Amino acid sequence: MLIQSTVFYFFSAILVASALAMISVRNPVHAVLFLVLVFFTSAAIWLLLEAEFLAITLVLVYVGAVMVLFLFVVMMLDINLAKMRAGFARYLPVGLLVGIVMAVEMAVILSRPAFDLQKPQAKPADYSNTQELGELLFTEYIYPFEIAGVILLVAIIAAITLTMHKRTRAKRQSPARQVSADRAERVRLVSMDKE
Amino acid sequence: MESLNADVLMALPEVFMLAAASVVLLIGLYTGRASETLAYVLSLAALITTAVLVYSTSASSESFAFGGMYLNDPLAQAIKLFACVTVAAVLMYARPYLQQRARISAEFYALGLFATLGTLVMASAHNFVLIYLGLELLSLCLYALVAFVRDSRDASEAAIKYFVLGAIASGMLLYGMSIMYGLTGSLDLAGINAYLAQSGANRIALVFALAFIVVGLAFKFGAVPFHMWVPDVYQGAPTAITLFIATMPKLAAFVMAIRLLNYGLQELLADWQQMLMVLTVLSVVFGNVIAIAQTNIKRMLAYSAISHIGFILLGILPGTDFGYAAALFYTVIYVLMAAGTFGVLILLGDREREMDRLVDLKGLAKTSPWFALIMMVLMFSMAGVPLTVGFYAKLYVLQSLVYDGWLSVAVLAVVMSVVGAFYYLRVVKYMYFDEADDVFQVQPSGLAQAVLSVNGLLVVALFIFPNALLNYCVQVLG
Numbered sequence: 060m061l062i063q064s065t066v067f068y069f070f071s072a073i074l075v076a077s078a079l080a081m082i083s084v085r086n087p088v089h090a091v092l093f094l095v096l097v098f099f100t101s102a103a104i105w106l107l108l109e110a111e112f113l114a115i116t117l118v119l120v121y122v123g124a125v126m127v128l129f130l131f132v133v134m135m136l137d138i139n140l141a142k143m144r145a146g147f148a149r150y151l152p153v154g155l156l157v158g159i160v161m162a163v164e165m166a167v168i169l170s171r172p173a174f175d176l177q178k179p180q181a182k183p184a185d186y187s188n189t190q191e192l193g194e195l196l197f198t199e200y201i202y203p204f205e206i207a208g209v210i211l212l213v214a215i216i217a218a219i220t221l222t223m224h225k226r227t228r229a230k231r232q233s234p235a236r237q238v239s240a241d242r243a244e245r246v247r248l249v250s251m252d253k254e
Numbered sequence: 025m026e027s028l029n030a031d032v033l034m035a036l037p038e039v040f041m042l043a044a045a046s047v048v049l050l051i052g053l054y055t056g057r058a059s060e061t062l063a064y065v066l067s068l069a070a071l072i073t074t075a076v077l078v079y080s081t082s083a084s085s086e087s088f089a090f091g092g093m094y095l096n097d098p099l100a101q102a103i104k105l106f107a108c109v110t111v112a113a114v115l116m117y118a119r120p121y122l123q124q125r126a127r128i129s130a131e132f133y134a135l136g137l138f139a140t141l142g143t144l145v146m147a148s149a150h151n152f153v154l155i156y157l158g159l160e161l162l163s164l165c166l167y168a169l170v171a172f173v174r175d176s177r178d179a180s181e182a183a184i185k186y187f188v189l190g191a192i193a194s195g196m197l198l199y200g201m202s203i204m205y206g207l208t209g210s211l212d213l214a215g216i217n218a219y220l221a222q223s224g225a226n227r228i229a230l231v232f233a234l235a236f237i238v239v240g241l242a243f244k245f246g247a248v249p250f251h252m253w254v255p256d257v258y259q260g261a262p263t264a265i266t267l268f269i270a271t272m273p274k275l276a277a278f279v280m281a282i283r284l285l286n287y288g289l290q291e292l293l294a295d296w297q298q299m300l301m302v303l304t305v306l307s308v309v310f311g312n313v314i315a316i317a318q319t320n321i322k323r324m325l326a327y328s329a330i331s332h333i334g335f336i337l338l339g340i341l342p343g344t345d346f347g348y349a350a351a352l353f354y355t356v357i358y359v360l361m362a363a364g365t366f367g368v369l370i371l372l373g374d375r376e377r378e379m380d381r382l383v384d385l386k387g388l389a390k391t392s393p394w395f396a397l398i399m400m401v402l403m404f405s406m407a408g409v410p411l412t413v414g415f416y417a418k419l420y421v422l423q424s425l426v427y428d429g430w431l432s433v434a435v436l437a438v439v440m441s442v443v444g445a446f447y448y449l450r451v452v453k454y455m456y457f458d459e460a461d462d463v464f465q466v467q468p469s470g471l472a473q474a475v476l477s478v479n480g481l482l483v484v485a486l487f488i489f490p491n492a493l494l495n496y497c498v499q500v501l502g
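For the protein sequence lines, the chains are A and B, in the order given. The numbers in the first sequence follow the working numbering, run straight up by one, and end at 254. The numbers in the second sequence follow the working numbering, run straight up by one, and end at 502.
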């Protein structure tokens, strides 16, 4: 129990610290890297909850794919740091005040015993988290699962509609025309006099 | 396996809508811009067919599917029917507008249908997960639609604001839902209600979760003080898209509020009543007062929408069946009025000019008397003047408040309605008593104009027969 708590607080501390660092560092690339750390430590905490599949997915999908792509975008973009920073110092006191007041209020409310639900029994070592999730997703939760799929489809449609410009002047190959070209179109035999 | 088939049969409207939206999308993909007409006709057919499917599923009582996640009851049926009809009308209005600007494609219709699917899902949701997923599906389509006209700076700005604030709202809602889940151990609305009923729970923590849920709800409704996105989005979005945002999502927001507050959190009635009271009073007051200062008609209608949202929430406030019915009645009537008003603005504008300043309406009675007449009827209806159905909508909400003893709130709402009448009547004054600055010819555009006429006549006809709709609303929420 003690080890579990120690591990939990260790990762939680890193998580909170890197989340704070993420929103306060000057360099956007560093901010992205701190976000990666946030995801990574969250995954570690999920592991503690015996949610191995979700933890691994979080690392694979978010850290491995999404954040790397995001890092590329941040590096490609020419972000004016001074402009983004403008007003940070001005709004900081108000934001800090609101944040602290909210945090204290939440702490006061949630410090009483609120979550009195029973802790689920620890599962044996050969228990397959992935299989259970899969079974639930495709039976009991099939309806929300499909709807989530539709949301992803809409996200794809939206992204493509908003970003794809059909350039009429762009030069591109037409494989069909290339294949159907015959000799008459390409070669012209000209008979010339000898010189 | 057999039970799954029964479940799918029950959710047939949703399944059909998903298939239809995908077909429309594929048509756009393979036939390009030329098939816009085909996509349009198919979308209308899909909406009508879905409405018929909804109507044909018997929902005389509550019936569940997918392990209690999907609920089919008269309320779900009513919201789905209204949503399908509304979206069909919106497409008919929006088409000439977008065509004139040569920006329409099959994706527009596909996104519209997916947004409708989101509303269908929300209408039948009996589980936090599904409420959230339906909401996200709807919102995501709306964000994309606002940015649909890519070369407009205003539209892009509006889309970003809408997206960021919408994401914050979703975050709030999810945070509240997750705490509620942690407290009650259930995502199912009935399960939550059962847990709350057997009491012994930590009340402060429950109210804490409730606060976040109500904040998320208020954000999506656009109630003061969570209204900042409404004026900017209404003004920045192309008028056809504003029309979409102003109408159908209000039905979705209403059903979400009823499901969350009445089905799931009924036991916390006393707590959410206090929160709703603050929201309603602020919305009715600020919406009406700030609208007076607007010179842009879309922005004015946005603040007017905020005050109407206040009225819808006033109906929910007492927590009585009649109050809910009055709120549903108000929502439907508001959707009708908003569709008509933005429809007039759409039809009056053309490629060169957008009708978005109030002064653009000057002298409209001379240039196109029929449009001016419809607009006048709609403005009177929004103000709640008798001879239009807007009067009954306000009356029923106020009745439900007075029955339950919320006298002071009702009086305040009446006073603010009178204040609101000022800016509605100013529009009428511009149209009928001022000379036009420049002469312009309104392009006739067959179908949309016919829809607008029906829309305007309904506002008057429902004043004569309000009981037909009211009885339906009472029966649905009884």
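A few of these clues could be false.
Okay, the calculated bits of chain A under chain B, using three or more residues with CB under 8 Å as the criterion [what the hints assert, rightly or not]:
no.: 1; segment: 159 to 169
no.: 2; segment: 183 to 189
no.: 3; segment: 211 to 218
Interface residues of chain B toward chain A, partial, derived using beta-carbon atoms under 10 Å [as the list claims (entries may be wrong)]:
no.: 4; residue: 28
no.: 5; residue: 30
no.: 6; residue: 33
no.: 7; residue: 229
Derived by calculation from the structure, the hints in this document are not laboratory data. Predicted model only: the values in this text are computed from it and were never measured. Glycine is no exception: its CB is placed at the ideal position from the N, C-alpha and C atoms.
Against the structure, the hints come out as follows:
With a cut-off of 8 Å between beta carbons, the segment 159 to 169 of chain A has 3 residues touching chain B; three or more are needed, and the interface restraint holds. For the segment 183 to 189 of chain A, the assignment as covered by chain B is violated, since 0 residues bring a beta-carbon within under 8 Å of that chain's beta-carbons and 3 are needed. Residues of the segment 211 to 218 of chain A with a Cβ under 8 Å from some Cβ of chain B number 5, which satisfies the need for three, so the listed coverage holds. Evaluation of the residue 28 (chain B) hint against chain A yields a held restraint, the C-beta minimum of about 7 Å falling below 10 Å.
A least Cβ separation of about 13 Å between residue 30 (chain B) and chain A goes past the 10 Å threshold, and the interface hint is therefore violated. Here the hint on residue 33 (chain B) is broken, as its CB sits about 13 Å from the closest CB of chain A, past 10 Å. The closest approach between the C-beta of residue 229 (chain B) and any C-beta of chain A is roughly 4 Å, which is under the 10 Å cut-off, so the hint is satisfied.
Violation of the numbered hints given earlier is confined to hints 2, 5 and 6; the remaining hints are satisfied by the structure.
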